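The primary structure of each chain is shown beneath.
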Amino acid sequence: MVKAFGGLVVAWIIGMAIAEGLTAYGVDHWPLLGSVQAHITADATIYLIWQAVAIYVLVGGTIVYCAIRFRARPGDSGPPAYQRRYFGPFVIFWLIMSIAINLANTIYPGMVGLEQLWGIQLKAKHPLVVDVTAQQWKWTFSYPKQGITDVSKLVVPVGQTIDFVLRTKDVMHDFWVPAWGVKKDVIPNEIRHLYVTPTVLGSTKTNPMIRVQCSLICGNGHPMMRAPVEVLTKAAFKTWVSNNSF
Amino acid sequence: MATTDVQGRTVGGAGGGEQPFVWSMVLPMVRAGLFGFIGYFAAAWITAMVTHSVIVNPLPATLGYVFGLLGWIAGSGIWDGWIRRAFGGEEAPSLTGVERYFRFSSDPKATAVRYVIFNVLAFFFAGLAAMMIRIQLLTPDSTSWWLSEVHYNMTFGIHGLMMLLAVAASVIVGGMGYYLLPIMLGARTVIYPRLLGLSWWLLPPAAVAVFLSPLIGGFQTGWWGYPPLAQNSGSGIVFYALGAATLLTSSLLGALNIMGTIIYMRAKGMSLGRVPMFVWGLFAASTILIVEAPATFTGTLMDLSDMILGSHFYTGPTGIPLAYDDQFWWLFHPEVYVFALPAFALWLEILPAAAQRPLFARNWAVAGLLGVSMVGVMLGVHHYFTAVSAVRMPIFMTITETVSIPTGFVFLAALGTLWGGRLKLSSPVLLCLMAMMNFLIGGLTGIFNADVPADFQLHNTYWVIAHFHYTILGAVIFSWLAGLYWWFPKVTGRMVNEFWAKFHAWWFFIFFNMTFFPMFILGIEGMNRRIAVYLPYLHPLNEFVSISAFFLGAGFLIPAANLYISWRSGKKAPQNPWGSKSLEWHSPSPTPYIVFPEGSEVTVVGPNDNYADGAPEPFVWAPTAAGK
Ligand SMILES: [Cu+2]
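Protein chains in written order, with my numbering: chain V, 1028 to 1273; chain S, 5 to 632.
Hints in this document: simulated from the structure, not taken from any laboratory. Hints should not be assumed to be uniformly reliable.
Stated by the list, open to error - Below, a sample of chain S positions facing chain V; criterion: calculated Cβ distance under 10 Å:
#, residue
1, G425
2, I445
3, A458
4, D459
5, I528
6, D617
7, P620
The model shown is predicted, which means the values in this text are computed figures rather than measured ones. A virtual CB, placed ideally from N, CA and C, is assigned to each residue, including glycine.
All chains should be modelled from the sequences, with the hints used to inform the complete structure.
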């Protein structure tokens, strides 16, 4: 049995090299991260991917290894010599590892990520307020302090925290800009807030990840419930405001 | 107590297949269908007349469904086989032959076989819906030539609800569990055999209603049925709510039976330490259903009440839509453990016999199954982190991640059992190992949705679709097939064709992964779920997924043909083809109608997984005092 374990370790090393290599390639090709929040949520996702791949190789690799190493050859019958019902060190190691991984995951990326997201929200002293109204099946945006009402395109400045005030006129919807890495459901009879700090200039035309998309089934028009987004420099945003307010 | 007259009698080798099949045996099913049809249209039409509406409106459809269901049940033989006695009449005697498969019957084996056939049919039609979805997604916008958005929404709503409630919820519990539960425990039948019989007859009307919901307007909500969208997107939601409530009621009746049978009907010497693992899996799944199912089907009925009675639980200016989500996910997240726990248990049942080794760390495995069922109750909220208040996020993140600890015990036991064994890689074993590999991906990707920051981005994207298909299709359905192949000899007396079973296992494994793995990438790239139309930059991957899905779907014809042909003309099976020490292999194949004839009684004297050379037999047969 000890000899078999040596073979398993070799299988793990080979598997780990292949799998984490593929992961590195995948992470290099990560889609656009267009906001501070997107970096936080993507960091959580990427960290968990590294971890999941490692666990998959260790546990899944053992299953495959056992299936090959301990299979009965044709014509081979009779029970194996090894009949242990329990092996304390393995069970205790497994138990400690699974509790440790869980605790660690809850702290990072879970609580740390949440704390960062909430921190941005608390620190934003004068966020740009954008009222978002969802209805079947369109989005309308208003800028109460800028005196802009009911535009169908979302225009925001880069580098400033925005407080999206979310309301719905009918059913539940969900406000999501994929490039910004966060989403929030819009619930009837309630008002919700989503804080986003865009960091990348661009528009729906230059990158389709920068788009408003309804992400909660809201009826037949759900897939088409999109709105164009434009992330401008602060100066260009001022110009846009002065051209559109009255 | 629960042993009926017929089952107490000594019927030497009264097998199910001895009387030849004649078409008139199907009549009770035809009668049930006729009564159901009449009940539906009479009630719907009268209601429509009285309320001056039309029969496709919500209220007539609701009453039609209720009376249709009653008519169907009455026609199935429940009236003369059960209820008439309650009014002082004679109860019709139980039938022991082939005809018991086509009418109400208190024989759990007949009920289980009907479950398998129902599951296969529901799987086929819900699978066709999946193929329609993938045809739609072959191109970014095919609504002009294929399904409109309206039809697309109906299609995936039906696909989801049917796959979850009519397939996954009962494939292992209903099809295998009800068959094996009494036999594995050494009981003559389950504790409430008539209730178990009823549980099957509730399924077909519910499934038919959901599949036919487009006829009365369909529903646009997907399988969630969230208000207030539910109320303003087609009267078909009536059939959704009633169908879901009926299917859950059926699960609940089965769960009561499982629980009671395990507690009260174990053979002498069958201590909890010797109960087979598969039975432990059923037990853990039943605790979930008994505790949580009522809250959730009450929720769907309250939602229905908002629609037809004008109440405002979830809708209107005072309604709280999120209350529905709380009730809905209270059961429906744990429901995935109702599918998965019996599948886990099935691996642990099959692997020791295949490796000819005792189950490793058995107590930990049992603790794992029960632990999942207990922790599983408390984590539904992770399905709407994007909607809940901040204070609920850390709590439910922690609880959701905790569930991986007891789940890990199952893998611990399985790995310990494989290690140092002498594994016979027959097709059921191969499928079990594949299910474990798939579940590993499904479980690990679940952590992303439990983790609040990651979930803020991945929620409602194709990541989630990939994740739960890995757990449900990849783990539960693979395990279902493993179980079908493993116990097929016991039920039919014939062996499954091993070559085609293995061929299909590999086919299925490859195309399953080719279909669902790219969906993780699609999710990361911003493809959200439930959309008929998507942006062109997602086209190449979607095309790849669709084509893989067609191969996967076509692959299901292989086991269908294999099982049918093997049943008709497969190799005759020996009594115990796998060398298992479990009790169900102690009776001849196929299982006779009376598994444990009166006159002898089984006593369990040792663990039933001792495969060492010269190990003592775990079961002893002794004559009973009542035996003549
Ligand atoms: Cu919407």
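Mind listing which of the numbered hints don't hold for this structure, in increasing order?
-> Failing hint: just 7.
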